[in-house]
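Student: For the sequence shown, our numbering gives the first residue as 1, with consecutive numbering after it.
It is possible that some hints are incorrect.
Stated by the list, open to error - Taking CB as the label site, the calculated pair distances span:
1. Arg244 <-> His23: 18 to 26 Å
2. Tyr166 <-> Ser286: 43 to 51 Å
3. Thr148 <-> Ala70: 25 to 33 Å
4. Gly130 <-> His163: 22 to 30 Å
5. Asp156 <-> Asn279: 39 to 47 Å
6. Glu262 <-> Gly171: 45 to 53 Å
7. His249 <-> Phe173: 21 to 29 Å
8. Pro119 <-> Glu60: 17 to 25 Å
Just so you know, these hints were derived from the structure itself, not from any lab.
Model, not experiment: these values are computed from the prediction.
Just so you know, even glycine gets a beta-carbon here, dropped at the ideal spot from N, CA and C.
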Amino acid sequence: MSHTQPAPVSFGIATAPQQVNYHDVLRVWSEADTIPEIEHAWLFDHLLPIGGDPNGPIFEGWTLLSALAAQTKRLRLGLLVTSNRFRPPAMLAKIATTVDIVSGGRLDFGIGVGSRPNPPAARREYPAHGLPYLDFADAVASLAEACTVIRRLWTDDEPFDFHGTYLQLTGAFGNPKPLQRPHPPIMIGGRTTATLRVVARHADLWNIPGADLDDCVERSALLDRLCAEIGRDPASITRSIHLRVSYEHADATREAITRAIEAGFRHIVLGLPAPYPENVARWITSELINTST
Numbered sequence: 001m002s003h004t005q006p007a008p009v010s011f012g013i014a015t016a017p018q019q020v021n022y023h024d025v026l027r028v029w030s031e032a033d034t035i036p037e038i039e040h041a042w043l044f045d046h047l048l049p050i051g052g053d054p055n056g057p058i059f060e061g062w063t064l065l066s067a068l069a070a071q072t073k074r075l076r077l078g079l080l081v082t083s084n085r086f087r088p089p090a091m092l093a094k095i096a097t098t099v100d101i102v103s104g105g106r107l108d109f110g111i112g113v114g115s116r117p118n119p120p121a122a123r124r125e126y127p128a129h130g131l132p133y134l135d136f137a138d139a140v141a142s143l144a145e146a147c148t149v150i151r152r153l154w155t156d157d158e159p160f161d162f163h164g165t166y167l168q169l170t171g172a173f174g175n176p177k178p179l180q181r182p183h184p185p186i187m188i189g190g191r192t193t194a195t196l197r198v199v200a201r202h203a204d205l206w207n208i209p210g211a212d213l214d215d216c217v218e219r220s221a222l223l224d225r226l227c228a229e230i231g232r233d234p235a236s237i238t239r240s241i242h243l244r245v246s247y248e249h250a251d252a253t254r255e256a257i258t259r260a261i262e263a264g265f266r267h268i269v270l271g272l273p274a275p276y277p278e279n280v281a282r283w284i285t286s287e288l289i290n291t292s293t
């Protein structure tokens, strides 16, 4: 029986860039960047709000991430998670490389299938931006191709052609390469069996929303089995969970954090509802992080 020590727990914050302004987000990230207990920070990837006023303000994730990368020094950073349906994968590889370089090698590359019809608000961003909405099976299959191509653009030393079912590339080549070698860590978000098969093959980290911890535990056990099927060590995929913070009920959030850690999740992302209180990063450090570890 193995007696290896469990991996250390890392904590991060997520600030959904909707119903806020740029300086709200920058204030929180700048504060978090000075607090060693907060190791990573995340935006999401939506083009219209999925909460609050449906016509309220929302920022494009990768552009905002690049701006924040340039104004922070320590935090690892990423999108939780990029919609593979919004940008051609080869273009996305170039965008991500740029952010990795701007950040000095701090990018965690989050990617997923893209919006499910639930919440329904997420479905409307496709016709609103002239984007096709693939059915789920095609979207998962195209995610697997995207992960393959993105990794090759980050690592291949020569141009290549790729002829997949969904992607056709001729003379594809990435220069410069990301600063991180062999490439930025790949985080895939999702919970369906089909998506978890892609996680087993391609991900360094796997993220799931943490509203139903029992479901998260079941999905994590399924990921273990899917890794075993392809001969991959399940422990090589860090388990990440997104937990929504309640400013009014810190005790409930603390309990959720403790339960998630006990269930094997070592990468804890604390979702901060807007508006963000003053000194919110210091508050979550003293009230949530330091009391949960």
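Student: Decide, hint by hint, whether the structure agrees.
Tutor: Now the hints, each set against the structure:
1. Arg244 <-> His23: 18 to 26 Å: Check passed, 23 Å falls within 18 to 26 Å.
2. Tyr166 <-> Ser286: 43 to 51 Å: 47 Å, holds
3. Thr148 <-> Ala70: 25 to 33 Å: 30 Å, holds
4. Gly130 <-> His163: 22 to 30 Å: 26 Å, holds
5. Asp156 <-> Asn279: 39 to 47 Å: Given about 46 Å between the Cβ atoms, the range holds.
6. Glu262 <-> Gly171: 45 to 53 Å: About 50 Å separates the Cβ atoms of Glu262 and Gly171, which means 45 to 53 Å holds.
7. His249 <-> Phe173: 21 to 29 Å: Violated: the Cβ-Cβ distance is about 51 Å, outside 21 to 29 Å.
8. Pro119 <-> Glu60: 17 to 25 Å: Cβ of Pro119 to Cβ of Glu60: about 19 Å, so the range 17 to 25 Å holds.
Checked against the numbered hints above, the structure violates only hint 7.
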